[in-house]
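K.L.:
Chains as they are written, first to last, in our numbering: chain A, 1 to 338; chain G, 339 to 676.
Just so you know, not all the hints are guaranteed correct.
Distance ranges between label pairs, derived from CB positions [said to hold, decoys possible]:
#	chain 1	residue 1	chain 2	residue 2	range
1	A	M286	G	G558	42 to 52 Å
2	G	F664	A	G73	49 to 59 Å
3	A	E261	G	K552	39 to 49 Å
4	A	D284	G	P602	20 to 30 Å
5	G	D622	A	K24	46 to 56 Å
6	G	G400	A	K214	16 to 26 Å
7	G	P598	A	A68	30 to 40 Å
8	A	T238	G	L360	18 to 28 Å
9	A	K24	G	K552	27 to 37 Å
10	G	D485	A	A210	50 to 60 Å
11	A	K214	G	E527	43 to 53 Å
12	A	T238	G	Q632	17 to 27 Å
13	G	D622	A	E316	48 to 58 Å
14	G	E640	A	Y101	24 to 34 Å
Calculated from the structure, these hints are not laboratory results.
For every residue, glycine included, the Cβ atom is placed at its ideal position computed from N, Cα and C.
There are 2 protein chains.
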Amino acid sequence: MSPTQRPRVNRQFALKTRPVGLPKESDFELVEAPIAELKDGEVLVRAAYLSVDPYMRGRISGMKSYAAPVEIGQTMVGGGVAQVIESKNAAFAPGDFVDIYMGWQEYAISNGKNLRKLDPSVPVSTALGVLGMTGLTAYFGLLDVCDPKPGETVVVSGAAGAVGSIVGQIAKIKGCRTVGIAGGDDKIEWITTECGYDAAFNYKTTADYAAKLKELCPNGIDCYFDNVGGPLTDAVFTALNVHSRISICGQISQYNNTKPEMGPRLFGALIVYRAKVQGFLVSDYMSRAAEAIQEMSAWVREGKLKYREDIVEGFENMPKAFIGLFHGENIGKRIVKI
Amino acid sequence: MSPTQRPRVNRQFALKTRPVGLPKESDFELVEAPIAELKDGEVLVRAAYLSVDPYMRGRISGMKSYAAPVEIGQTMVGGGVAQVIESKNAAFAPGDFVDIYMGWQEYAISNGKNLRKLDPSVPVSTALGVLGMTGLTAYFGLLDVCDPKPGETVVVSGAAGAVGSIVGQIAKIKGCRTVGIAGGDDKIEWITTECGYDAAFNYKTTADYAAKLKELCPNGIDCYFDNVGGPLTDAVFTALNVHSRISICGQISQYNNTKPEMGPRLFGALIVYRAKVQGFLVSDYMSRAAEAIQEMSAWVREGKLKYREDIVEGFENMPKAFIGLFHGENIGKRIVKI
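One chain only, chain A, in its complex shape:
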C-alpha cells in the first residue's frame, strides 16, 4: 500500500479477558473498526513497528498501578513507530515516520500532540528500543538512580533484554565492571561478546546464585539494576557493598503471580549496607529525554552502544510476541513488524 492510499478498515487487539497468571492469546481479541475522516489538524498513521514490553502485564491486571488499567473491550496500549499516510496538520507530511503511543492497532488518528517525527537517517525502529522508551529506561535508571562511579561493580538482571543490554553498555562507558544475569547460553554469549559485559551467568543452569555472584564480583556489588526480582535479587543482597544502590526497573519474575510471592525480608540488610533501593518510571524523566537520546545517538554512531532487535512479523502475532516475553524468548528489544 502506498503512503497515500486510504485503508477502509482498522484492525485492533482488544483486551477480551483479564488474564490470571500468564496471559494467553485468547485474552486478546482481534477486532475491526472503521477509520474516521480526518478533521483539521489531524493525521492518519499506519503502524510500521509496534512494541511489546513486560510493563504491559501491569496494564491488563486489575491491580492498582501507576496508570489506569486497560478495560475489557479496550484496545491494548503500547508504543509504536508509524508512517503518516494522510495529514491535515502542517507539521506532518505523508511519508513521515513518527513515534506514537498508538496501542495495538494498525492505524491511528492523532491531533499531532505527542507525535515525535523521527530522523530517517537512523533505522526508525530504534525509536522503540535503544533510542526510545527502553533505552531511556536504561539511561535514567542507571545514571540517575544508581549513579555508578568508575571502577564500581554493576550487576544487571535481565541483562540480555531490551533494557538490560543497554544498561551494561552504559555502565561500561562510565568505567564500571559489569556482570549480567540472563536466562540462556545464547544470551550470555551475546552480552559478553557484543555488549561488553565483563562476566555473566545463565541463571537457568546455575544452582547457587549467591556463590556465583561472589565468584564473579570479587569486590562486591555497588550497583544492581533489577529487571527481574525474586530469588535473583535475594542472592544479590548477599554480596552488596556498603552504600550500594539498587534500581528497581522491573520485576518480571513476579508479574504473573496470582498472589504475592513470599521471600526473605530484605530491609534489615539495607541498614547493614546503608543501601538504597529505588523504583522508577521512565515517564518521570521525559523532560530530559531529548538530551539523553542525543547522547545515546552519539554512542550508537560511535559504535559504543550496540543494540539488537528481536523482530516478530505480522500484526496478528502481537499477543504471541507479548506472551513470549515472559518465557524469555527475546534477545534485545522485541518488536512486531506490521
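Please arrange chain G on chain A, whose structure you already have, making use of the hints.
P.N.:
Using the frame of chain A, we list chain G on its own:
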C-alpha cells in the same frame, strides 16, 4: 564515692554465650577486673549512665553486620556518660562529665580521644538520648533520608521509642502531619499528648494495620521512618504515595529471629510508587553531629523537642534493661543509672 577516690576493682558484663533468639540474662556474665594505673595522657572515668539500645542485638549475633561482633568473653559494647575521677590529660579534670563509648562496665580508662566533654547546663544523661546517638539517628534518618516537606504525611513505627519519639517531633517542626505506631495505650497517650503526633495507633490492639493507616492517613503516606519492620511495614506499603521515601532505621521485630522471616515481596510496589527505601547508620553522619546537636539543643530549650528517659537503676540490671527493649518495656530512651 567522691570523684577522686580510686576504686580497687572494675565490674563488667561480658558476653557469655551467643544468644539464640531473644537474649537471656544468662547470656551475660558479671566479671571483675583490676583497674590499671594511668599513663600520661589517660583519664579514668566512672560510669554515671550507660545506654542499652536495640542495635546491640546485632553486635552479639554471629551474623555479618556493619561492625565486628562482640566475641565470647569480651565486655559488651555501648555508649555511656561518665565522670572523670583521675586525669593525666590536661583536657579533662576530675569531676568533668564525658560522653564515652565505654561498654557495659563501671570504669574505663581512655586516652582522651573520642571523649566528648559535656555541657553541665543540660542534664548529662541527654548525651545518650535526645542530644546523643538516638537523637542524631532521628535527625539524620528523617531529614537526610526522607527529606520531608511541609504538609506531607510522615508515619513512624516504634514511635514511642528513643528514636521514634524524636522523629515525630522533628517532622512536626518541619510542618508535617505525623502518624505514630506503638505498642501500648500508655505509649499512644504520651506520643499524642506530649510529642505532638497528630494521630497514632496501638498495633497490639489493632487487627487490620492497613485499614487503620488508610483511616489515619487520608492523603496517603509520603515518608515512613521504620524502626520495626515486618507486617507493619507491609501495611505501610498499601498506602504509599508516589515519590514516597522510606528510611530504614531499625527492624526490631526481626532482630531475634533464628531464621529469616518471610514476607510478601515489596520491590514491585517501589516501581508503582517510584519510591525509595534507604537504610542508614548514624555513624555515617558524625561529621555533621555538632551542627545537629546545636540545632536540637535549641529546640529542647525552646520546648519544641520533648524527651523522656526510662531509667533503670543499678549496673547489675544492664542485661535485664537490655532484654526489656525487645518486650517494648520502655517509653522514650532507656538508660541504666549506675
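K.L.:
Determine for every hint whether it applies to the structure shown.
P.N.:
For each hint, the structure was consulted:
| no. | hint | result |
| --- | --- | --- |
| 1 | A:M286 with G:G558: 42 to 52 Å | 24 Å, violated |
| 2 | G:F664 with A:G73: 49 to 59 Å | 55 Å, holds |
| 3 | A:E261 with G:K552: 39 to 49 Å | 24 Å, violated |
| 4 | A:D284 with G:P602: 20 to 30 Å | 25 Å, holds |
| 5 | G:D622 with A:K24: 46 to 56 Å | 50 Å, holds |
| 6 | G:G400 with A:K214: 16 to 26 Å | 19 Å, holds |
| 7 | G:P598 with A:A68: 30 to 40 Å | 37 Å, holds |
| 8 | A:T238 with G:L360: 18 to 28 Å | 25 Å, holds |
| 9 | A:K24 with G:K552: 27 to 37 Å | 34 Å, holds |
| 10 | G:D485 with A:A210: 50 to 60 Å | 34 Å, violated |
| 11 | A:K214 with G:E527: 43 to 53 Å | 50 Å, holds |
| 12 | A:T238 with G:Q632: 17 to 27 Å | 40 Å, violated |
| 13 | G:D622 with A:E316: 48 to 58 Å | 57 Å, holds |
| 14 | G:E640 with A:Y101: 24 to 34 Å | 54 Å, violated |
The structure shown violates the earlier hints numbered 1, 3, 10, 12, 14.
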